[in-house]
Amino acid sequence: MHFSRRSFLKLSTAASLYVLPVLRASRAYGATTAAPKRIVFFHTPLGTVRDAWACTGSETSFTLSQILQPLAPHKDSLLVIDGLNFAPVASLADDSTGNHKEPGSMLTGRSCDGRDEASKHTNISLDQYLKSKLPSTVRTRSLELITSYRNDFALRADRSLFSALGPNLPVIPEADPQKAFDRVFAGVTSSGSTSGPDPAVEALRLKRKSVLDAVTAELQAVQPQLTGAERAKLDQHLTNVRELETRLTTAAPPVTTSAGCTVPGRPAASPPYENASIPARLQSHLKVVANAMACDLVRVAVIGAENGQGRASPGWVGAGYDTNWHDAFTHGTGGHAQHAAIHRWYVEQFASLVAMFKSVKEGAGTMLDNTALVLFSEQGCRYNSGTTEHSKQNLPYVVAGSCGGYFKQGRFVTLPTTSHKDFLFNCLHAMGYPETSFGNVSGTPIAALKA
Amino acid sequence: MTASRLWVLALVTLCSGCEGMLEVSTPTTPPDDSDWPPKNVPSTQGTPATPPTGTTPPDPTVPGPTPNPPTMTDPGGTTVTCGAPPAARVWRLSHRQYDAAARAVLPVTSTPASTFEAETSGSGFTNGADTAYVSAALAADYFDAAEALAAQAVQHLDVLLPCTPADPANAACVKTFIERTGLRVFRTPLDTAQQARFFALFQKGTTPTQGVQMVLEAMLQSPGFLYRFELGGPGASGAQVPLTSYELASALSFLVWNAPPDDALLAAAKSGGLDTPAGVDAQVDRLVADPRARDFLWRFLAEDFQVGALETTTKDGAAFPAFTPALVADLQAEAHAFADDVVWNGAGTLSALLTADYSMLNQSLAGFYGVSGVTGTALRKVSLPTGQRAGLLTQGSFLAVRGDARSGSPVQRGLFVRERLLCQEMPAPPPNVIDTLPAPSATNTTRGRYQAHLSASSCAACHRLMDPIGFAFENYDGIGKWRTTENGVPVDASGELVSTKAINGTFTGALALANTLAQAREVSDCVAVSYFRYGLGRRDTPADACSVLAMKDAFAASGGKLATLARALVHTPGFAIRTRP
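These protein sequences, in sequence, are chains A and B. Under the working numbering, the first sequence has 344 at position 344, and the numbering climbs by one with no breaks. Under the working numbering, the second sequence has 101 at position 101, and the numbering climbs by one with no breaks.
No lab work stands behind these hints, which were simulated from the structure alone. Since the structure is predicted, the reported quantities are computational estimates derived from the model, not experimental observations. We put the CB at the ideal spot given by N, CA and C, even for glycine. Warning: the hint list may mix true and false statements.
Once the Cα atoms are required to be at most 30 angstroms apart in a straight line, the calculated DSBU-like pairs of lysine-lysine come out as [as the list claims (entries may be wrong)]:
hint	chain 1	residue 1	chain 2	residue 2
1	B	204	B	175
2	A	287	A	408
3	A	361	A	75
4	A	209	B	204
5	B	175	A	209
6	A	408	A	450
Just so you have them, the derived chain B footprint on chain A, three or more residues with Cβ under 8 angstroms [claimed, not checked]:
hint	stretch
7	220-230
8	240-250
9	306-313
10	331-337
11	405-411
Extracted from the complex, chain A is given alone in its bound form:
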């Protein structure tokens, strides 16, 4: 649920200050109160370089690869997965989906419709499915973030759309760090309490309720005229207006939190497509996600560490990297070392997210114990020794955290050729929903990944 910051600020100015009492009932999770389970999908674009990615050794005794070295402090919490393949490719030779629609298939488990675009999803994505299952007491429930998104005249922007509410209902990820922050924390502080009923605030609420009631009636008058996909659009619109009305016109219940809950400062403004500030936006997003989950305001998040295209110029990796890295390093006979170095940089950022989750005490352990942080890419592996690209094989997946004891820890699991779709069912079960389908996709979890 998106909370309108501007709307909130108006409330703030109408009253002296109106805040939601996040810490009022601070409570530690213990023997009698189970901590919530959370899941974060952390995407890096354009796959990896096999020779620098693959771990060596056995399942229980393995050596982290060059790219995964930044995760060494967390090795005991890792599940490194080898052998996941892009699901719609039954036999790799028959793949006609191209390499541009995978982003929209990674979390839905189904190939996208349309041509060369990833916005025409054919199923609800797992994150949105999980969101729909979460109790409404979780205030924001999900976040969909990215560090670089701009609709650039229909050229490739859709490749950044991982999430969908259903067929043809893409969820646009938020790239603006302030808006991302506001989705969770607008109206929330870590120290205050409600200022109590204020006549001006109450009047504003009443006014807004009247306006949105009229909007709802207008939408309901149109609904019966539509069926199928057109009706689905209107239904979604109506749902969102109702949620907005609830948010804006009723006082949210106090948020019960664990001890680690703090509200970070609102991040600095940053143009959501400015290349140089991608690292800053990514760190900002990670902090928002970690804090939001520590406060149990969000339990599901998708983070695009760059975008779905790999067309940033990652000069922050080092000298010689200030170039469109898709063009420079992922095609042709060269670029393997740079490709690996860029992927490693993203793994470093992922490692910082792992550290954030480990820093929050929860019960006898940390928040990481109750979370699955999933590192993945929409592409598979290239090889130093060859020149393959657009690979759909051996997608680079790592899970940090067991999600409440579900996933194996400290393991390097080599799977027989397995669909990435099945992994989504592991995630579904790990989160406490042992179901055999979500949306129109069915599957079973991969047993070898379960503790």
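Chain B: place on chain A using the hints.
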């Protein structure tokens, strides 16, 4: 056999699919449009239409769809079966349309949509209808914008309220305001339930002015404002019904202006002025003649030629230090000004867009193109160096977008011609493709590097359809600067078109290629199809066969005049008829 060899075999099989990709369609006889709306209803399937109802009083002068031949025949005798008209739908306004609509109907000047949630491009263009809906984030954006716009608008009660003095405490005045403003905001008259709803809302204001403000806030978040309706009148499932006259008015104005109907168009909808072909044509001609028509056509061209993507194109700073934000802004402005000049001041044709020997330059751009004697920052019409530049495909905007970070890209440039000008869709690159393309260096040439695609049979099956076209652009580097040598080697800009309908052959240089393309009926047809998709916010389907043929024929018959595309689309069968869900 090793896995990699198996791959090569698989790829040869896959890319042999490139051989059969020719689009099959040929010119046809234009549909008979003496009836309105134009229609393609098979006589065996036609369901008697229900006249438009709802907010529009049934008008006995509106002809319902009558049986019509279900096929069209081209001059060669090939018969194309016409499908059912498109399904009824709602089409959410694009963000650009939102701002235009708010400014058109209320005394406001802000453009709140510029900070709305980003849009998708589900149908290949940013205005695709299929994936445009109101997400949670967008609902909140709409809420904020409505509050801001309404607050601005009520600063001008004298403009808003249709009475003197403009007194919001005057109930009769407010009722008239709701009726009149509602008509403009919703682009159709409010029904009695809506009028009552908004008046009841007005009464909930703590002051009369706040009541007016609340009415505007609700209207701006209502489906009547946020969507274009293409439902037609009521009818049984499967019935084919004409758009109501107000729906048609919106379809026309958003198509031509990217903005809502003005008062004259709404009046025509009310008076029956859109019930005849002549009436519709008169309105379309009026809209096209208005300066507001420039916006939609430019958006179409910017997206179709993808020059709008320049702003988000990234280059290697070491390879192209000249590719600065200032150059990007100049190149974008050039493309826009050039297209506007060609379409509205010049020949107006697709051919001119592809071959005009001038562009719109300022001093910086003149330096970029090697033209002397241009000073200042303002763009003006300047002749281009003979033999080096002509038309949009030789401008820096197109060439930079269709270039790699460190070099030009024969693949990207050839792919553009293949897909966007010939309307042949290439298969996506196969998985695990073996790419032996060497990296750019000081000792190789772009053409030399890309020859790798053509020497490996597994690559050549597809790349022969792209790279030899792209080679025509070898006189331009990755950002479009002219060159006659690359790393000391004279540029070879010879190329070849294969697998076309009528323009197979060799040529040398982009100007020769552009000349060939400019004269080709298949290119004209392709642009007509692209406009069909953009204008309707969806890809064409087999059911659109007759509409697509009609579109192609009308565009060709106009001599490729881009400003006629709107009228051609309005004349297609099915533009003004919908199949009830």
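Q: List in ascending order the numbers of the hints, as given earlier, that are violated by the structure.
A: 11
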